[in-house]
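Chemist: With these hints in hand, go ahead and build the complete structure from the sequences.
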Amino acid sequence: MNNPFYKPNDFPTSAEKNELWKNINHSLPNTSKANMQFHWKSFWIGNAAAILLIFASIGMYQTGMGLLTPTPSDQDQVYRGLNAATQQLDEVAPSLIKQAGSRSRPSMESTLSAIREIDRLIAEIKNEILVNGITPSKKKSLNRLYATKLDFYKELLLINREQS
Amino acid sequence: MLSKGEENNIITRAIQGDQSSFKVLYDEHIDALFAFLHQFSDERGQVKDWTQRAFMKAFQNLHSFNKDSRFKTWLFSIALNEMRMDKRSEFHFQQLDDADSELITEPETEKPEKWLKAKHAIKQLEPDKRIVFLLSIAEEYTHKEIGSILNIPEGHSRVILHRAKKELQQVLLS
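For the protein sequence lines, the chains are Y and E, in the order given. Position 128, counted from 1, in the first sequence is what our numbering calls 1220; the numbers after and before it change by one each time, with no gaps. Position 144, counted from 1, in the second sequence is what our numbering calls 147; the numbers after and before it change by one each time, with no gaps.
Among the hints, erroneous ones may be present.
[Claimed, not checked] Some, not all, of what chain E presents toward chain Y, calculated at C-beta under 10 Å:
#1 Ile14
#2 Gln22
#3 Asp30
#4 Glu31
#5 Phe37
#6 Phe39
#7 Leu40
#8 Thr54
#9 Trp118
#10 Lys122
#11 Gly150
Because the hints were derived from the structure by calculation, they are not lab data. All C-beta atoms in this analysis are idealised placements derived from N, C-alpha and C, irrespective of residue type, glycine included.
Modeler: So this is what it looks like as structure tokens:
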């Protein structure tokens, strides 16, 4: 029964109650929704971790091949592998940022911009290699850029894990 | 109306993630909270905003709710905080001496219905008197509960209520 101290129009209408509930329900602590998101997060982190393992394997492979003085075609194969793997990380990054909390999102977005800048430099060196051929210094620069890119991805993953 | 035990069970289920329990709590308290807040603003949008903020804060912090107290008391104190934040300039609780509260000797056995005749004048009361009067007479909170909701000494609640009644009495006599 409504409180007699208040007038009938002091009470909310059904439409107002529904509207308010819709907004409140939207902000409810994510319970079942949170679990779902958590699994997706694990999925992406797992994926990214797998890709990092591929990188580690490529690194070992590259070191091994380095000892045997790689031919240009071997080197080419390594970069193709690196490209394929980083491409998968590129696909994961936006999802990681999308799931990030508002506090860590700006930092993740700036890390992603840095990765995009590295991509631009990698593309430049590759063009240079295509036109004028590979040299030890170009190879060194390219390797450094891939390593830095990996470091940045590691940073993205760590930020994501800390806030999950 | 839910019993204290039923309400506590619902709160436990809500904390555990049962979404439908939040809706039960909402349905139980929305009318009372909205109508109460409407006594402090004629702008419906403003009242909706306070109500929404109060429920959101209460639900988001449900794990910190002390189940020894009533959920409604907790919800009202959150709502009043939200409202007082927005109306900072209007809501001042006068500084009172404890001696003032000792002067209040009237018995608290009167029936709240007595004041129904003066309900049209409640909105004319100053905000602090209106809050205490409504919490005490319309919502039937004890002075101890009012003190904890408004963060004022229990005795001050008595003094403010006494003054509010005095003003309304004059309205009834005129």
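Chemist: Hint numbers the structure violates, sorted upward?
Modeler: 1, 4, 11
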